[in-house]
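Student: Protein chains in written order, with the numbering used here: chain A, 1 to 397; chain B, 1001 to 1343; chain C, 2001 to 2251; chain D, 3001 to 3451.
Please keep in mind that the hints were generated in silico from the structure rather than gathered at the bench. The reader is advised that the hints may include incorrect statements.
Computed spacing ranges between beta-carbons, pair by pair [stated by the list, open to error]: (1) B/Arg1217 / A/Asn322: 37 to 47 Å; (2) D/Ser3043 / B/Pro1089: 32 to 42 Å; (3) B/Thr1210 / C/Ser2071: 23 to 33 Å; (4) A/Leu373 / D/Asn3417: 48 to 58 Å; (5) D/Gly3077 / A/Thr341: 53 to 63 Å; (6) A/Val108 / C/Gly2014: 25 to 35 Å; (7) D/Gly3035 / A/Glu5: 49 to 59 Å; (8) D/Pro3190 / B/His1061: 38 to 48 Å.
Lysine-lysine pairs mimicking DSSO-like chemistry, simulated, CA-CA at most 30 Å apart [stated by the list, open to error]: (9) D/Lys3306 / B/Lys1074; (10) C/Lys2131 / A/Lys6; (11) A/Lys232 / B/Lys1077; (12) B/Lys1068 / D/Lys3201; (13) D/Lys3328 / B/Lys1069; (14) D/Lys3412 / B/Lys1077; (15) B/Lys1068 / D/Lys3328; (16) D/Lys3287 / B/Lys1182; (17) B/Lys1069 / D/Lys3412; (18) B/Lys1068 / D/Lys3342; (19) D/Lys3328 / B/Lys1182; (20) D/Lys3306 / B/Lys1069; (21) C/Lys2123 / A/Lys6; (22) C/Lys2195 / A/Lys232; (23) D/Lys3342 / D/Lys3201; (24) B/Lys1077 / D/Lys3342; (25) B/Lys1069 / D/Lys3201; (26) D/Lys3168 / A/Lys89.
Idealized CB from N, CA, C, for every residue including glycine.
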Amino acid sequence: MFGLEKRDANLLIAVGALVLLAPIFLNPFPEGSALAQFNAGYPDLMQRFVIFGIFAIGFNILFGLTGYLSFGHAAFLGAGSYAGVWMLKLLTINVIPAIVISTLVAGVFALIIGFISLRRSGIYFSILTLAFAQMSFALAASVLTPITGGETGLQTALDDPRILDAANESRNIPAPSLFGLHMNDSAQLAVGDWLWTFNVGYYVAGIVMLAAFYVAIRIFRSPFGMMLRAIKSNQQRLNYTGLNTRPYMLACFVISGMYAGLAGGLMVSMDPLAGAERMQWTASGEVVLMTILGGVGTLIGPVLGAGLIKYFENIFSKINDNLLHQWFSFLPQGLEDFVVTIIHPFIGKGWHLTLGLMFMAVIIFLPGGLVELGQRASKLFKKRNPPQTGGQKEPAE
Amino acid sequence: MDQIILQILNGLDKGSAYALIALGLTLIFGTLGVVNFAHGALFMIGAFCAVTLSRILSLSHVVLDETKKDFLGKPLKVEVPYANDWFGPELGGAIIDWAVPLSILFAIPVMILIGVIMERGLIKHFYKRPHADQILVTFGLAIVLQEIIKYYFGANQIPTPAPEAFVGSFDFGALIGLDSGKVIYPYWRILYFCFAMLLIGLVFAFLQFTTFGMVVRAGMADRETVGMLGINIDRRFTIMFGIAAAVAGLAGVMYTPINPPNYHMGMDFLVISFVVVVVGGMGSLPGAVLAGLLLGILESFASVREVIEFLPGINQVVIYLAAIVILLTRPRGLMGRKGVMED
Amino acid sequence: MGILEIKDVGKRFGGLQALCDVNLSVAENTCHAIIGPNGAGKSTLLNCLIGKLMPDSGSVMFDGKSVLGRSPYEINQLGISRVFQTPEIFGDLSVLENMMIPIFATRDGSFSMDAMSNVMSQKDIAEAADKMLSEMNMLDKRNMQAASLSRGDKRRLEIGMCLSQNPRLLLLDEPTAGMARADTNNTIDLLNEIKQERDITIAIIEHDMHVVFSLADRITVLAQGTPLVEDVPEKIKGHPKVKEAYLGETH
Amino acid sequence: MVTTNLTRRGVIQTGAAAGAGLALPTILTAGSHAGFTNAPTGSTVTLGFNVPQTGAYADEGADELRAYELAVEHLNGGGDGGMLSTFSSKSLNGTGILGKKVEYVTGDTQTKPDAARASARSMIEKDGAIMITGGSSSGVAVAVQSLCQEAGIIFMAGLTHSNDTTGKDKKANGFRHFFNSYMSGAALAPILASNYGTDRKAYHLTADYNWGYTTEEAVRTSTEAMGWETVAAVKTPLAQTDFSSYIAPVLGSGADVLVLNHYGGNMVNSLTSAVQFGLRAAEANGKNFEIVVPLYSRLMAKGAGKNVAGIFGSTNWHWSLENVAGSKYAGSNAFVQSFGTKYGFPPSQAAHTVYCQTLLYADAVQRAGSFNPCAVAEALEGFEFDGLGNGPTVYRAADHQCIKDVLVVKGKENPENDFDLLEIVDVTPAEAVTYDPAIFGGDLGSCNPGA
């Protein structure tokens, strides 16, 4: 189906079902219950799940397939974001030009940076990309303020030209839309105490993410993808096989950058503001964390990793002591205080600490990330089945 | 002219901090082959050794002063350091005043211990793993370390002044025969530079003139051969890691009077110190020192008003530009050995 | 006129003259071995042949075209395939994929942006790969991860990958170094088979006399950067100059 | 698809009623809410406190959060009532807002516009917050303000000092109690003139971002107007930590005043360097060299330690204001008392402004009789009040900026403790800092109730 092998098609369908039903299963707890805090099914976070999913999928095409660790990938996300907002300001509030142009702009930007950075490999490549991204960030936040809005960020305004749109009658800035469907519109469905929100922007981003995921599968399974994996495995042999690795790397870098730009374009389509810190090296570090947490070189891993980190950032960071006391109020007073004191450093404003610990644990014990965890778990279940013949090659999942 | 001398001094000063951090970084890379992203965090922990010691020294008990009122109109609570009680206000005050220099003694064992624990507990298991894994796990460690510091010390900067005797500045220009009043430079910054040079000298002497250092240098050149000679190179490398941690830590201790420390000062230095290592040449100790000083001077000159007016934003990107140019034209860095991590 | 012509090649590293006026001609469809004691300049010569080093003087022509200054992939496209001292294969990939990559390279050239089709759907490539694998007696291992193969199988795979491109010259750099006796003999047998069944020129740089005398049609002895003697194996065996060069070496 | 904007709390009620017992799915239509985003329908109302909890301003955010908690306590009738008793408007009565108990949710801005918008959106979309408030930088304030405008939520800015917030980036749904760069410049100028004279040459170091630009411009304009000359203005990178290269040339430049348009860590580091380089002790042009910091905060003073001694700057409020400047500033002591009793130390200006903002919002709702953002905005526009610690204040209708007196402070020579670092030098009256709202451009747009 869709030119995919059965296994990949199944994976795509599964991810499609996940995206479609996310508003429901991300809100597993009824409204008003103590655990409702852990619900993640609201538009902003769901949008972030899929958008950062795209970002991570793209990063994984570079890092997962070729092993080149770019520490400056956020620059492409930022470049795409700026391009997207400018489209929303100049052309039309319709998100299509914003998404398309941001992808292209990021692609061109990646072509330039990639052309230079790919002259080196290993840690030197990482430092080069890091240097370019830091330069982009520093300039965007200061001297380029007229283009980037500086530290405040670039946003839409009432007096933007928007030459393709009809004159704006209302005194409000229009919200980004897709042919009249506003990205921030939602429909809600209540079943008993459960409440599910179906948001336009989320589904637009979700469909784009599925398309991006589909393309990623095709790339992974294509001769091009095989060459990229060969680069990671043994660049020397590939050279002596008559293949020029440089154009392969550059094409891969540009594709990966375009994914980042696409994510940036979607981000500003959901929320029309592009901030300079989107380009900072810590933001690049974040997508590395996502990819590693989920599972480098696997198809689904980066999406899972992106979801996990965004969940932490948005849900864990909002748990405060008040809530903790509510949850543990069933315990005797002294014990309650004790438990809260123990947990306190790890939640709320301490979520970075939890993230750092979790990240270290994954690198140390689970180099394959969440996907490896899943594989180990399923192996545990399948123990009764006869073991497979050793050395069987498991293609990247 | 005096502006040029001033900026050279600034550059040397800034550069000596870069050099100290980069020295440890490249020492670890050269001996253990590990890319340590947590090295900036060690610098930061060193700075907080100074904060901790100054807190310990000024541990106080509260005395109510009935003559004064606090903001709620109650008698003012005055904190009296125990040091004052024990040694009298004069000596006690002096001890607290000298907290930063005293922290050097405190930081050396603490930092070596932290370094050894880090190496034995974590880094050791990553020798055989790819550089990417090393970068990532130490990056995670850096996050954890700085969050722990933030938890205990808060996010705000903590003023940790130099002893009274070193506060202020003097006429450096007059000292070298220029018109007086033209080149005024702070005592502590000069001291920092001298301290850094001394520390660098000690590390070099240690590596150059002791058998321990000889083995380590040999190990840096060819680990396997040295290992085959039956020398337990691993233990020596552990100690080297401790020393690298101590160097970073001392750089941090002495830096506190220059800029009040906070939990993310390590991250601020991390990226730059990597650039320094790469520019100097991976694994090259003199390269790290040279590149640190050169980049410090370069950065200082790029911050001069006339330069910024000519090239806006150059002060923000000059270090990265230098790194890009060096990497593209001379990938082994200024003084790197041929073939070490070269493409 | 041989297919590979090395003329007056010299290379100097600082004060060391690594190669000095090397002249060598490898005739088409023969197996030519280059031997010599350690430090004779074998690796330097090899590196000059494959574009890794630029000689200070002289020329290296393959089939009338200079190979000097070309990048490895261009040299491969001239028709030279290389087998390394330690087998260089794609360890993370399956044996089948390892075999498919050179076939793709032969078909599509140095770069092809085929990102949307499925590797396995390209029947011609898969068939050619399977055919080559069965020639190498490795069809049963086609789905294994290449890194998990034995040393001998890795070598076999590497040679197979090279042959799948139908090279005109196969360059072997100590192909049995570090191998157990049985694996060495297997490799020798394999190479002899290839020699008989294909129109192919083989240049082999080797240390191990046993291997050289089992394979070579012609042998050049290199010492101190200069060819000492060149002749058929039978003549080389008892040659006094060769004995002198190898004096003290036990093989 | 049925499209409505988000109305979380309203939905629960309807949904629960329709689905009770049967658990039938209910699709909610546009008629099921009160015509504006997150209309509260139960017995509670949720406010969203969006403050930096991680990053360099985390401590400032923590102080803001303390004040918010205090405000909520007072609104719900707890504690000693704080400034409710001194506030000139008496519509609030300790029973929450419009009889609904006040609850709150918190978010982490990380002092990044992106993250701040994400946390604000989560509070609006997930927790049903009816109002968003907080922040400790102008970039964040501007970003969150425009988000609230789009979402149909009232935004009560926290600590934001850039002219832009109520200038070129002003929004109909956004309100600022805190003062701004222009007012700092206007307030400082006369006091600098009387202390340092009118014949001065100033050297500006300016943080290279929007707030820095507006502050430099404000201070330059107002000091040049009284006769000062600006020798140079140099932009310093926001990420800079060692300012030695920027400080070292100052003495040789012919300037005799250094103006540090820096905030937070930038200011702590640049001031520390300036003092190290002996600028405080130096003489230039036959006068004592002076340093000025346009915007002071307590955390900055704490970070810079002894270096702040004797250095002039401005603040929005200081805990000693009523004691120093008299009962015109009633409310200050009430707030200090109630905050100090609860937390053990005096509140910062950030804490004060966010406390005021919470009360002002609650009062406006109460007076408007509705949570509808448009009604609330109308009640706030042109609202004149007193008793919140800054003296008589007006929420200007044209740009949603509070116009009030501005404090000029200087670092204390011998502070008694960590919270006693600044002393009030003078208070510049509101008339002297008032400006024409048109000068910064921008357009409020019209109020957006969301749905």
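Student: So, for every hint listed, does it hold in this structure?
Tutor: Verification of the hints:
1. The hinted window of 37 to 47 Å between arginine 1217 of chain B and asparagine 322 of chain A is violated, with their beta carbons roughly 58 Å apart.
2. For serine 3043 of chain D and proline 1089 of chain B, the hinted distance range of 32 to 42 Å is not satisfied, since their beta carbons lie about 60 Å from each other.
3. The given range of 23 to 33 Å is broken by threonine 1210 of chain B and serine 2071 of chain C, whose C-beta atoms sit roughly 47 Å from each other.
4. In this structure the supplied range 48 to 58 Å holds for leucine 373 of chain A paired with asparagine 3417 of chain D, their Cβ-Cβ distance being about 51 Å.
5. Glycine 3077 of chain D and threonine 341 of chain A have their C-beta atoms about 30 Å apart, which leaves the hinted 53 to 63 Å range violated.
6. The beta-carbon spacing between valine 108 of chain A and glycine 2014 of chain C, approximately 46 Å, falls outside the hinted interval of 25 to 35 Å.
7. At roughly 53 Å, the beta-carbon separation of glycine 3035 of chain D and glutamate 5 of chain A lies within the given 49 to 59 Å, and the hint holds.
8. Against the hinted window of 38 to 48 Å, the Cβ-Cβ separation of proline 3190 of chain D and histidine 1061 of chain B comes to about 45 Å, which satisfies the hint.
9. Taking the CA atoms of lysine 3306 of chain D and lysine 1074 of chain B, the gap is near 25 Å; set against the 30 Å cutoff, the hint holds.
10. A hinted pair counts as satisfied when its Cα atoms are at most 30 Å apart, and lysine 2131 of chain C with lysine 6 of chain A qualifies at roughly 26 Å.
11. Taken as a hint, the lysine 232 of chain A and lysine 1077 of chain B pair is broken in the structure, with Cα atoms around 66 Å apart against an allowance of 30 Å.
12. Proposed proximity of lysine 1068 of chain B and lysine 3201 of chain D is contradicted: the alpha carbons are some 41 Å apart, above 30 Å.
13. Distance hint between lysine 3328 of chain D and lysine 1069 of chain B is fulfilled; the C-alpha atoms sit about 22 Å from each other, no more than 30 Å.
14. Taken as a hint, the lysine 3412 of chain D and lysine 1077 of chain B pair is honoured in the structure, with Cα atoms around 18 Å apart against an allowance of 30 Å.
15. Of the supplied pair hints, the one linking lysine 1068 of chain B and lysine 3328 of chain D holds, its CA atoms being roughly 25 Å apart against a limit of 30 Å.
16. For the proposed pair lysine 3287 of chain D and lysine 1182 of chain B, the alpha carbon gap of about 17 Å is at most 30 Å, so the pair holds.
17. Between lysine 1069 of chain B and lysine 3412 of chain D the CA atoms are separated by roughly 17 Å; this keeps the pair inside 30 Å, and the hint holds.
18. For the hint linking lysine 1068 of chain B to lysine 3342 of chain D, the alpha-carbon distance of about 21 Å falls within 30 Å, and the restraint holds.
19. Between lysine 3328 of chain D and lysine 1182 of chain B the CA atoms are separated by roughly 49 Å; this puts the pair beyond 30 Å, and the hint is violated.
20. For the proposed pair lysine 3306 of chain D and lysine 1069 of chain B, the alpha carbon gap of about 22 Å is at most 30 Å, so the pair holds.
21. Between lysine 2123 of chain C and lysine 6 of chain A the alpha-carbon distance is near 18 Å, which keeps this suggested pair within the 30 Å criterion.
22. In summary, the hint linking lysine 2195 of chain C to lysine 232 of chain A is not supported, as the alpha carbons are separated by about 33 Å, beyond the 30 Å threshold.
23. Between lysine 3342 of chain D and lysine 3201 of chain D, the direct Cα distance comes to roughly 46 Å. Violation of the 30 Å bound is thereby established for this hinted pair.
24. Of the supplied pair hints, the one linking lysine 1077 of chain B and lysine 3342 of chain D holds, its CA atoms being roughly 17 Å apart against a limit of 30 Å.
25. With a C-alpha separation of about 41 Å, the suggested pairing of lysine 1069 of chain B with lysine 3201 of chain D is violated against the 30 Å cut-off.
26. Using a Cα cut-off of 30 Å, the hinted pair lysine 3168 of chain D and lysine 89 of chain A holds, with the two alpha carbons roughly 16 Å apart.
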